[in-house]
Structures are given as structure tokens and as C-alpha cells.
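Peer 1: With the hints as constraints, model all of the structure from the sequences given.
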Amino acid sequence: MVVLVAKSKRRTKSNDTSQGEEFVRSRSGLHVPTPGGGLSHDPEWYRKAVFYEVLVRGFYDADGDGTGDLRGIIEKLDYLQWLGIDCIWLLPFFQSPLRDGGYDISDFFTVLPEYGDLSDAVELISEAHRRGIRVIADMVMNHTSDAHPWFQESRKDKTNPKADWYVWHDDDHRWNEARIIFVDSESSNWTWDLHRGQYYWHRFFHHQPDLNYDNPEVADAMLEVVRFWLDIGLDGFRLDAVPYLFERDGTNGENLPETHAYLRRVREEVDRLYPDKVLLAEANQWPSDVVDYFGDGDECHMCFHFPLMPRMFMAIRREQRYPITEILAQTPSIPDGCQWGIFLRNHDELTLEMVNDEERDYMYSEYANDPRMKVNVGIRRRLAPLLDNDRRVGELLHAMLFSLPGSPVMYYGDEIGMGDNIYLGDRDGVRTPMQWTPDRNGGFSKSDFARLYLPPLMDPVYGYQAVNVEAELRNPSSMLHWVKRMLEVRHQHPVMGTGSFELLTAENPSALAFVRTLHNEQTDERDVVLCVFNLSRFAQPVEMQLGQYEGQIPIEMLGHVPFPAVGTLPYFVTLAPYGFLWFNLLERQ
Amino acid sequence: MIDSDLLCDVIGEHLVKQRWFAGSGDDVPSCRVVLLESLVEGWPSLLRVLVEATFSDANSEAVLYQLVIGLRPLGDHVEFLSGHPEAVIANEIETTDGLAMAYDATADPELIVALVNVVAGDRNAERGRLVSTESTHTSMVFDERLIMKLFRQLGAGGRNPDAEITRALTRVGFSNVAAPVAEWSDEVNDYGVVSEFLVGGADGLSLALTSLRDLYDCRCDPEDAGGDFAPDACRLGVVTAQLHLALVDAFPTEPGNGAHWARVMEERFTHVTLAGIDRSLVHAVYDRLSSVSRAGIAIRSHGDYHLAQVMRTDTGWFVLDFEGEPGSSLESRQELSSPLRDAAGMIRSFHYVAQVALRERAESIDERIVSLSTAWERRNRFAFIEGYLGVDGIGALLPPGELDQNVVFTAFELDKAIYEVGYEQAHRPDWVGIPLAAVARIVGNV
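Taken in sequence, the protein lines are chains G and P. Heads up: the first sequence runs through residues 1 to 589, numbered per our numbering. Heads up: the second sequence runs through residues 1 to 446, numbered per our numbering.
Note that these hints are calculated values from the structure, not bench results. Some hints could be false.
As the list claims (entries may be wrong) - Partial selection, computed: residues in chain G whose CB lies under 7 Å from chain P:
(1) Ile74
(2) Gln465
(3) Ser510
(4) Gln545
Unchecked claim - A partial selection of chain P residues facing chain G, derived with a Cβ cut-off under 10 Å:
(5) Asn124
(6) Gly128
(7) Asp228
What you are looking at is a predicted structure, and each value in this text was computed from that prediction instead of being measured. Where a beta carbon is used, it is the ideal one built from N, C-alpha and C, also for glycine.
Peer 2: This is how it looks when you write it as C-alpha cells:
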């Protein structure tokens, strides 16, 4: 608690708190000011939102030290507002020795100095809110850095006040059913600590000891962390590595009931004190297991849908819809008020091995056997190089991302078709600086080139001279303008976020066709959107059975062009290679 | 209602225009109405009619056909008939309620809904569409959730094999067939069946063509091609084996008899001419089959198993249409045979579809494409067999040794190719080269 008070004071000491203060809410829950500026109260905003994942380090360097920072993001908020995203997801920006990209936090209440300070965080949140943009951040619940003062104290001896804040044991045989997640670098989930003379438990790197959630003090302390940042004004968290909070004998230590109980406690606290917040779980598991993290609508608001992403790539590679429709068929329905988070790429690797070898997914192993899929999806690539820079496929995938059930999560730079640098080593290849202009350092930083945290891309195809925001802003036919336009259209149709989903019968296996429907019970109005995609590189005829929409007029949503009315025969469209059509189905006037 | 004599006068001319009519179009049969039943009264009205057609050729047996007839008063809107002149039975015919137009009711969206509600009223179908007319039945889909098959040729005293097998497979818990929700039958005949419609399905032929078009365009090896079909072929092999095991549960079996199978094949072979192929090589294949002493189990099989009879859905492959080879007698369709007969049929269709895709791009065939076609076929054949043989328990149905398995399989593959040669000679002489090349390859006459 002492720690917390100190940090809170620091917040009020900062120079620029005027805008930040209005977002710092009373803990009592009685005083709930309307969110500032452009935000409107909407408890289900996250079901309609488009998320945009930002690497603080890589977005924009405001102070010229070669590393991106929170003020840099503030300076680029106008760009994000123009693009039309609804929520920024910040990768970890807390104090950290950075041995795991900031997922090794050594102080939950402090901003990493290279990124700024607490006042910058407050200002970023308030400036974003003023533009109608919400902000969520990564939060690591499972473990801390071994540099965290909690761990430093805990490791001293077996009797100090934090002795039980981590998971200690005399031998390293316990819980050997638990798999080792980072098999390449770790040989055990236990590591010997010389100071204390015991082993400590860690599901990830050995420098990331797991917190002991069986200790009520830890459970309370982490709840305090959550409250602290929600008080500052964050709109929620993406909860990193949630399945592993507890350990129990005879289990693999994943998805335990105790873990779910703790998540319910977090949710209860959030619901009690803070309106309009979101908890987004990262549980890289099969959808039928992931749904448990929604609870009965009383755990996380959102979960990532991991298997959909590789399947979208597979569908295009196989030129058939089944990789997508199969996984949708295996995705259970979710409680009211919940939403999937869907994405094309993000900052992390998506291993094809994320599913254990159970028989339930017999087809998964078959797809994983495709050597090219393995290479392309298994390693860290950005979207554009993954697609051989084919703009048509990029548009097709985005059009699917923006219309399949779930809230889309975009990765910074993909909107301009940025590339990657596979020679930078595994994680950094897709974390190069955002390319703003064709000028020095791609407009990312005014520092000396040699001081940059990573070199920007400079190759002739994806380098900043060829691919950058400034050039694409000037070019009306750029990918960037296309994405902006698609986001505009999506915003006009909340049905894309909250509508029901129904696959249509189309005999052509290269066609994916579905209908999203939103029925407004108050006005008895229906918003019906028909989406059809050609997953093939050849033009395709598609016949859809639209019998129940007979007499309605499909209006193409990008150009508002009325198509022939739906008749009694199958509705026929021709799709260009990798083409797609979004229609709004309207009653004949 | 309508007078059955009046109907007899026009029905023969109508029958010969139908795809499901077994005879030739020149031979208008004489017809006798066996049953005339009103299903829906008033306008439009719906009748069900069973017609016995007798042919002038004394050797042909009489055939019993099932029709559903729609009647609408003259002047009614019948746009649904435009483009379907073959559906019209009589432009003007006398009924007890005045002059009417008579037509095949499967063309009338309103009446097919009435029809399905006669058979499966509890399902409350609202909207129907005619999907296809096959050689034995007409298919209609309702609300994208039900499919009704109306059988056109009623078996002489026997059940419809499709209804019979689907029913039996569902009973033993085989889930990869469209589950029947209602049957239209009596003690003697199956008239139709209503099943769950496989939403999102695409037939195996279109999937295989998608794979081949991708391959011929990228010109890489099939295993490197994005549209590789092998995982699907392997899963299809698995489902096929599961189908056979379910058929064993559902129907009687008997010990396989290689000599008997060989005799049936020889009999088929005598009617087919094979240009440029040494017939003794074919006999040699059948002779080897004859000499197999332990030929596995003879089971009730699909009988006409190929890519167009299977449908890929979001929950895997489904097997359709258990009616057997068109043109064969009901008895021969119900005859037990080796499960390898189905496997051979599917493998033959892998060859066929690879060749069909080649014909699509006839203007740009070169050696590379031809070798890709062979490689695709080989790869998927292997994947299918691997999936098939990998299913627990399937080995018990097959000849014990690999050598005998090959002998039996090869004979059935050859038999199927020879059947195809005969079929193509009669229907598509242009295509006869496809099965002929297969025959040559199988017997080693290349």
C-alpha cells in the first residue's frame, strides 16, 4: 500500500494533470463522471470496436532518443483518429529489465523511463479519449521479472514478509505434468535460487518467477495494480498468459478452477467500480477451452480467437473455404456481452503447435504438415511479406477480418503494408520502426541512425522510402486509404460487430459467403449485411441461396451501387480473383 | 381430380422427355395408371401418380414411375415453367373442376412446399427450390435445411437402395450420411425421403477440380501446391472405411468369392470393345482374381462410389446416393461385393477428375502438366488408401495378404474402367480415351 500511495502522489505532482484528472475516478464507485471528450457511455463498445496494437518502442520517437515513447503516440493520435480505429492496445510500457519485451515487469506502478512517465500515460489516455479513442494495455498477471522488489525480497530467506509471494519448493519434481512452454530456452519450470536455497516456479522464462496466487496478499496486490491503472483512466487490459495463475498437484496447471475464480473476482471488482472497461484474455488454446474464460459472462469480456488466423491463410492457400468454416463450426457460442478478438498478425509468433496432440483436431495436424504453411505461419512475418506483397490478398484478408464475427485487432504498420526484417532475430523482425515518411529514419525519430532501437526497413520493396504513411496519404488508391474506407463502412454498420452470423450455401468451394444480421428490437429495424469472398486466384462464379431475402435489393457497400433484386433463382455474382463483395440488403422501396 | 384415362394419353410423351426415363426417347411406352392420389385439393392441386410404362420391345420389362402432378386453372401465372418445357404434361386437360394445365409439380415452388409438408409436415417448410434431377430421383431443398429426394423409378417389389442403406446406416450410428428426418414409403415401396440438408457442402468433384486448377497453374509438385488435395483424400479414405464397417454392422455379409466376382467382371467385359488393347491381358487380371482363395468379406457396398457422390462439409466428408450404378438391375445393386470395389471406384474418379481438369486447359497441355496430372493422381490415391487402411478393423474385411489385396483391388479397378469405357462409348465417345488409357495402364499394356 505504501508503494501505491507514493506512486499516486507522483501522479499529482506531474506538470500536466489537468486533463488526466478527470479520468481519475473515485474509488467509491459513486462518482462516475462521463468519459471526457469524444467518448460516449457504451458498456458494449468493445463488441463494435476496431483495436490497433501499438508497440510503444516502435511507433514514434518524440524526444529523439532513438526509442519510441508515450509522447510519440500522443503526437500520432490525430493519425489514428483519421484512420478510424476505436481503441489502442499498448504493449507493456511498465518498468522492466526488458529481457522479454517488457513482459517481465519489475514495477507495476512505474512507466519505463525510456517511454516517459506516469504523467505521459495520463496525458496519452486523456488525449486519446478526447478523440474518441480508448486505450487498453498489456498486463502480466502470472509473473514478474526477477528484478521486481517483491521477488528480491522473497528470495532473501524463507521468513521475510514476501517469502510466500512466489512459488518456492525444495525439489524440482513437483508438477512435472506441466508442459514447458519455451522449450527452446528452458529445460524445466523450476529454477534453483542460490540466495534462498530453494527452487522457484516459472511457466515462462527462468527470469520470470510465477506469483503465488494462493497467497491472498498477492491476489490483493494484483487487484490493486488493476485498480491503479483503471483509476488513471485505462479502458481495460489485455491479460497476458492467464491460464497459468494457479498450480495444483496432478494437473498440468492450465485453466484451473482457481484461476477462473480469480478472474471472476477481478471482473467483479471492475464491474463494481468502473463502467465501460474491457478485459481481454490471451489464452492461446482451442476455442472450446478458451470460451471458459468468458465464464458465464462474468470473467473476461473478450478472448482472442487464435486458430482462426492461420486458417484464413490456409483457406487462401487451399483456395477453399473449409479451413475457415470448419473452425467456425467448432467455435462454441459465447455468453451475451462477450466478443472474440480476431486478428491477422500481431507482435508474437503464432505457433501451429499451440494445440496439443489430442485427436479432436485431426485436421489441424494435417494442415500443420504443409511445409509452407509451417514456415509462413510458424515464424514471425508481417502480413505483407506473408502474402508475397499481393495487395489483392491483403485487401481480401482485411475484408474478412472486418466482417467475420469478432472485433478486429490490427497491428501497427499493416495498414500501410509494412514489411519485416527476418535477419533481426525472432521477435524483432516484425517490431521495426513505424514508417511515417521517406525522410531520415523513416520519420520515426530524429536521433542518429545508430542510436535507433532497431534499424528501420530500407529494402527497395518494403523500405521506408517505398512504404510510408506520408506517401500513402497522398495516394488516394493506397492501401492506407483503402483500410480507412473499410473502417468507415464498418463503423456505419454495427452489425459487423454485434450481429448474428449465418453461413450461406454456395456450391463453389472457393467461395465464402455469410450474412450478418442485427435486429434492433426497439425500432424493429434490421440491418442485414451479405458478405461474399473469392478465396481463389482465379475469377469465380458464385451462386448463393438467398430465398429468405427474396425481393430485397443488395446495395454494394463501398460504392452504394444497387445490384439486381434477389429473385427466386439462386443469386449469382461473379467475383474477380481474390475479390469480395459486401452488400447491405434493403427492402425494396 | 382428373380422369386417369386422359392422363394415360399424355403421360407417355411426357415420360420420354425426362432425364429419369430409362428407355430411349424414340420408344414412347404405353402407360397404365396404377395409382392416382390427390395430395392437395383446390387450386393449385397436387396429385401423386404411379404409372406403369410398357415398351414395344418385348424384352424390356415394364417400369413403374412415380410422378407428382400440379394442376392450375388456365390463365394462372406459371412463370416457373418458362425454360422448362419438358415439365409440361398437358397445356389443357379436363378436370372435375374445369380445364387445367398439368405439369411436373417439382417445377412449382409452391407445390413442392406442399409436397414436403405432406411427407414431413412437422418440419414446417416454407420455401423450396428444385436442385437437380438425376437419373433415378428429383432433389428439392427447403429453407436450406431439408432436402427431399423424390424417387422416380420404383423398384420392382424391392426397396429403394438409397433409402434402405441410409436408414440402416443411421440405425447403426454412422453419422456421415444425411440423416433422414421423414420417409415416404409403404410396405412395398419407398417413394421419397426427407433428410437434413448439408449446409455449406461442396461435392468432392468441385473440390478436386479446385485443387487441380491450382496445381496446373502453379506447376509445382502436388505436395508443394497450396491446393493440395491429399489431406482431404486421406480423410475421405477414413470415412470410406468407417462407412464399410457400418455397412457390415447394418447388413448381412458373406465370405468373398474371387471366382464369382471374376465371372461377373468377365460377363461385363464381353459387352465392351477395347480399341488397341490385348484382351488376354484383361483376362489375366480376372484369372488372378479367380485364384484368390481368401478374398476377404463380401459386404453391402455403396456400389457407385466416386467423387461426385461425396460431399465435403464443415464437419467432414458425407456420403450420398446409395443407389448403385445407374443402369444395373436392382438385384445386382443389392449384391454383396468386396469393400475394395468402392475403394477402386473412388480411385478411378481421381484419375477421371485429373483428366477432366486437363481437358479444361486443352490448349496448353505440355509434358509437365501431364506429369503433374499423374503425380496428383498418385499422391491422392496413396493418401486415400493410407487413410482407408489406417482405420481400425478394416483389415478384417479385406484379403489377409497385401498381395491378394492388390489382386482384388486391381481387378475391381479394371472392372470399373471397363464399365466406363462402355459408358463413354454409348454417351460421350470423345471421352473414351480417358478410361481406355486407364485400362491400358492397369493391365500393363502400355
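Peer 1: Against this structure, judge whether each hint is valid.
Peer 2: Cross-check of the supplied hints:
1. About 43 Å separates the beta-carbon of G:Ile74 from the nearest beta-carbon of chain P, more than 7 Å, and the hint is not met.
2. Hint on G:Gln465 is violated. Least Cβ distance to chain P is approximately 32 Å, over the 7 Å limit.
3. The closest approach between the C-beta of G:Ser510 and any C-beta of chain P is roughly 6 Å, which is under the 7 Å cut-off, so the hint is satisfied.
4. Against a cut-off of 7 Å between C-beta atoms, the interface hint on G:Gln545 holds, since the closest Cβ of chain P lies about 5 Å away.
5. The interface hint given for P:Asn124 is violated, since its Cβ lies 14 Å from the closest Cβ of chain G, which is over the 10 Å cut-off.
6. A hinted interface residue such as P:Gly128 counts as satisfied when its beta carbon comes closer than 10 Å to some beta carbon of chain G; here the least separation is about 8 Å, so the hint holds.
7. Checking P:Asp228 against chain G: minimum C-beta separation of about 7 Å stays under 10 Å; hint holds.
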